[in-house]
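So the protein lines, in turn, are chains H and R.
If you use my numbering, the first sequence corresponds to residues 1 to 307, in order.
If you use my numbering, the second sequence corresponds to residues 1 to 496, in order.
No wet-lab data here; the hints were simulated from the structure.
What you were told as hints is all true, and nothing was included just to trick you.
Keeping only pairs whose Cα atoms sit at most 25 Å apart, straight-line, the calculated DMTMM-like set for lysine to aspartate or glutamate is:
#1 R:Lys184 / R:Asp210
#2 R:Lys184 / R:Asp63
#3 R:Lys144 / H:Glu45
#4 R:Lys184 / H:Glu167
#5 R:Lys430 / R:Asp276
#6 R:Lys142 / H:Glu45
#7 R:Lys142 / R:Asp80
#8 R:Lys162 / R:Asp45
#9 R:Lys162 / R:Asp114
#10 R:Lys144 / H:Glu40
#11 R:Lys430 / H:Glu40
#12 R:Lys144 / H:Asp48
#13 R:Lys184 / H:Asp88
#14 R:Lys184 / R:Asp47
#15 R:Lys430 / H:Glu45
#16 R:Lys144 / H:Glu53
#17 R:Lys430 / R:Asp440
#18 R:Lys184 / R:Glu103
#19 R:Lys247 / R:Glu476
Just the calculated beta-carbon pair ranges, DEER-fashion:
#20 R:Thr134 / H:Arg52: 33 to 39 Å
#21 H:Arg52 / R:Thr83: 30 to 36 Å
#22 H:Gly55 / R:Glu103: 31 to 37 Å
Below, a sample of chain H positions facing chain R; criterion: calculated Cβ distance under 8 Å:
#23 Ala49
#24 Ser164
#25 Ala253
For each residue, glycine too, the CB sits at the ideal point set by N, CA and C.
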Amino acid sequence: MPRYLVSRLLQAVLTTFGVMTIVFFVMRLSGDPVLLLVPEGATREHIDALRRELGFDQPIWRQYLTFLAGLLRFELGVSVVQRIPAWDILASRIPYTLALAGAALVVAIGLGVPAGVTMAVWRGRWFERPIAALVVAGQSMPTFLTGILMIMLFAVTLRWLPSSGVEGPASVIMPAIALGMLSMSTFARMARIAVVDELGKDYVRAGLARGLSPGKVVARHVLRNASIPVVTIAALEIGNLLAGAIIVETVFAWPGIGQLAIQAIQSRDFLVVQAIVLFVSLVYVVVNLAADLLYASIDPRIRLGSS
Amino acid sequence: MLKRLGLAIFALLASSVVQAQPFRELVTIDLPNDAATLDPHLQWDTDSYAIYRNIFDNLVTRDATGRIVPQIAESWRQVDDTTITFKIRTGVKFHDGTALTAEDVVFSIRRIIDPVLRSPQLSQFDQIASADVTDPTTVTVKTKTPYPALMAQLVKLSIVPKAVVERVGAQAFNLQPVGSGPYKLRTWQRGVSITLDAVPDYWRGRPTFDSANFRVVPDVATRVADLQTGRADIVRQLGPDEAVRLKTDARLQVLSAPTERIGYMFINAMSGPTQDVRVRRAITHAIDRKTLIDALLQGYGNEVDIVLTRANFGYVDGIGGNAYDPAKAKALLREANAVNAPLSFLTSPAYDRRLVEALQQMLQEAGFRVDIQTMDHPTFLRRRQGRPDEAGSISLGRWSCACQDADGVIFPLFRSGSTWAKYANPDFDKEVDAARSVLDEAKRLVHYRRAFEILREDVPGLGLYQDYAIYGARREVRWQPTANEAFFLFDMRWQP
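Chain R extracted, bound-state conformation (with noise of 0.2 Å):
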């Protein structure tokens, strides 16, 4: 009681002396699920990690405008195509009060590719060939090929310190995980919230709220309940109807985003009726995108032409092609000798039913069949990676790579050979390769903008909408989303 009034006393004396950060003393965030995994080399799903980083420090991280700025790394330089020096900023400290040091960053990267941890995100750096301390500042990393793509995947790279992990091993740190970042943890109770405690001497800063408590609250319904009673001064993950249902309570806001991922439609380039290229192009031009958008998500889309959305690297614009027009449509199944083919349009409880219904009823009115099969996503998944003919006509897709980059979108979808393709044509395959392996981004801009016309022209899949992260709150809370759904506490302040 006494601290706390101090507290308040202090706090008082502050703003009258500077403007100074009001804060609240405890925020209530709900999220739709528990932390998978606290330790950052395991899981990498949005509740997890919208949660431990803010426990961690990133090696590098995105600034509000998308770009690449120094986190634990002051600075970096690219020596040649296949090695890259970052210099390690000092005077970092673990919450355990030790510092952080260039050795504690070879180990994050070491352990995160090492196949023995078996982490989920091995795929994502697994282009690293090594990593080394070069001198007590310094760090050195080496990549198999050059590879574009580092930096935005070293964004995810959290800081972990060697000697705790060496110490507790895997199973214990992920429990009590030890960090370096504003925020550390106070209690996990599973299933049921976990609560962090601000950093005070943090070294950016002393961090907004002094602790935050993340609930599970599975269900939306529930969320915007708390939300409207006090109970929760933040929730993630509405929809669309929620945000619009929110927006009529003068003490809460909708907050909200474009990210990275886009909505799209896969198209089986190998197998079925969609084997015939004009066949492909109706369905483009029997979709009409703002409908969609404006009745189904209540604009929180945004219209896209390409696979991809532009807060990724690779985004070109005026590719075009894709326009609304169910007489072209009409005209295309005519000539390919298919009007009322048969599509099956596989779906799982993952995806919208209202979307999916939507886009039946658009291909129906422009003469297809459209047959929709639903299954569990597990089922979904291995029909959709297995083989072409086992992967339906069409089906729909919300990608995100998590690195902002055309290679993490279009090179897994349609070069040939990757378990999602179903299409192949060794023209695309050639330019993707390409943008892939150099590091000038002019160049690589040339190659994905021929890639997106080949794509345009065979469409193997089409863009539909950039998806937008949407997020309640209480009006004194000021925050803006970013592309890439992280959700820093460090970044929100508090207004009342």
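Isolated chain H, as found in the complex (with noise of 0.2 Å):
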């Protein structure tokens, strides 16, 4: 088990640095920021000007190499365009977006986990199909349609939720909606899937064949072995909720890392781009290591690092 942690630890950080290296030399390459943060007519001794004074002008590997010997004292450095340490503008966004991220992944598996178990349970009955019709239209359905028909039904016409902002816990449930309603689908048909699979193994007619009833069958034995597939989908929401959240949040104010991604793409404030996605790559890595620490204690045959 240590060694596996350890092996899976070095994993993780190889990941967070090819990805941290990857994001360094496509931003670089893609376009001169200096332009971006210049006037429109500023002359070209001042853009050099700005390009020396902020160190783009160094060769590229020297660039990577001043941002790796930052890394590892820690350092994020210092936003060009908002002149505060990048990290100080990350940390204030953090607390809002795993807040929506949190109450997405109660949507996401509070509606998605018992809509696939009852779609498998009661296979071919009549409710079957508008589950699945609600499945698949919010697969199907843009989170950006979805959240400015909600904010155009709830918010405009009804007057029940707020437009946009964070003020109080009602600010939370239009945009945790939009962005659950993905994973969600997912959700539900994973369980259906794993439930369906478990329903035709042999312990389930043996617990029906000894007296125990459908329902403490599904309730016991089922739902503890379908569970396993549905933990791994979750770690691998949890990225593609912190993916969805850059429009999400767009759409409703909502100032998480989603909506300062975005900003800061477009202003071409690269210390900050890069601060996002070492964050969020390491959101990613870390939840999918406690995904797979999570099947031992779930079944205690998975036994970790035995080959």
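Grab the two chains, each in its own frame, and use the hints to assemble them into the complex.
Below is the structure:
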């Protein structure tokens, strides 16, 4: 187990490092940030002077080494646009995204898993179709469209919920639904497949033969066994939620890191973009690691590290 | 509560005595972006200055008609071609209670031109050679050469308190700015909102609103929803389509003004088929500006026949020469032996796709083959400002110098040697060089007329429309937006 943990941690560090390297080079090769920082009429001398001041005139490998040296000291640099440390800018946004992603996950699991289990256990019954339709709709509606439609209905027409911003718990409802819809469909489908799979196994028949009620078999045995693929999906879905947050946070004016990412990319705020990517890749890596470790506690037959 | 009650009683009493200014306690404004900085000497983007110009006073400002008028400078005098003296107003206080002095004015000028600050605005002020206090209420500014656009540039110079900036440093000042304007900063919740409080004893009078809350709402549909649900009183940056939709709501209004921003088409005179002047002229006659403005901009645009708007000094009437005439365009193309000439149309997400495609259509009808190449904006800027053979045949631009002077528009766009120019004509260079080094306005206009006549013949670019700034607001807001897109809460009134 400790050996497994160490190798997984090493992998995690390597993955993060690889992502950072790719982002560093892609950002720098795609355009000149200095041109976006100066006013339109700036002369060539000023553009060159600013480029020197910011160190963008250095060879790219030297910029890369400087960047790595900064990372080792846990320094992400000072934003060239906003003139405050990139970490401060990022840190102020993290709680909002965590709150939104958490609420979206509650929506996704809270609706998705029961829907999937229902569809599996009562296959072929009349209510399977409307639930399936809902799941497909959640999967196929683009997030920006669900967002705008909800705002039109619940904020403008019915006046039940605030149209934007972060004022009180009511503010998170619409963004969480918009963000959670896609994942909800994934959870529903995965839960359905897993439960259907388990229902066909011998232990279910054995349980029923021994006189257990179908409800008890499902609740006590099937769900536990079916939950492994669902946990894996949950880990992957957290990554999808962070990606989806970019659109949802923009539509609902939710001040999380998704919205920050858009703004930072638009204004070519390099160091902030790098800080966001570092954070998101870390989250992704850590969550996946946690999911792997969780398997062992769900299913004791899985012994981590034993070949 | 008691305070609020007292205030209400006071307001009631006051209104019975004189025609008092009714004011709202809190006005809420939706902006598409957070302020990048609140230090006025750093970023100069529309959202940042919409906020911080309410916190600071500037040396001079523009009135509703666009004339440059006193603010912190009470008056000024041109001593000679390169020297100007400013009489500094007394009795103005910063929010920390200290008096604003000539020292602060000089400090502010020196600070923004100091390369160490790395201000993106440096190039707008770099013609200033020196600024000195010559007596307690006089500041003398010298320019490197005679520089007619100086006053237009100084409209953007906010005065910061020397003592505070020196004490706390640039980074802290950016987060906790202290100015002398009608509002002071209460809180800045990054990415969420910025709240300002009125300064009741502000030297120009009591501000209309007790406080103002600027919210960050990036999506335009959400800004409209905020206005419809009453979450916002004023929203910035609507598109023409949203403006048309807002007009159907009786509780709301659209406020708009033609700005100094010019929508134009760049034509590469140094590379590709557009090197032939007949091809460039053919482009001019192939474009139907009126249709573009009516159909795509919903009328929120004014036709122009030069690459400059009426809001800029140097605008000259009746240059002409660009009438929509598809037959003439076709004839010119045949003459140049360039029928089906391939034009690469460079564009980025910063430009309205529908406009790009409409122009493509018009050009193709006249006999061009137009290939639209979309890229991210930094790449677009790099190619547009780079070598002529990389800059494409044509592209769109929306240019504003924030100085309302032709010098800030056609000089950087077409003067040979500028990063944007893909065109070189010594006659044109002579005119724009002369126009930036004489102070006499009549003489400058003569140079600009000649410069625009040369551009009409050479067509290294063409003006399409004067852009509008469009705001949405509640019916009760009384405000006339201006050409320089200033957002002064002090100029707004609330009339239930």
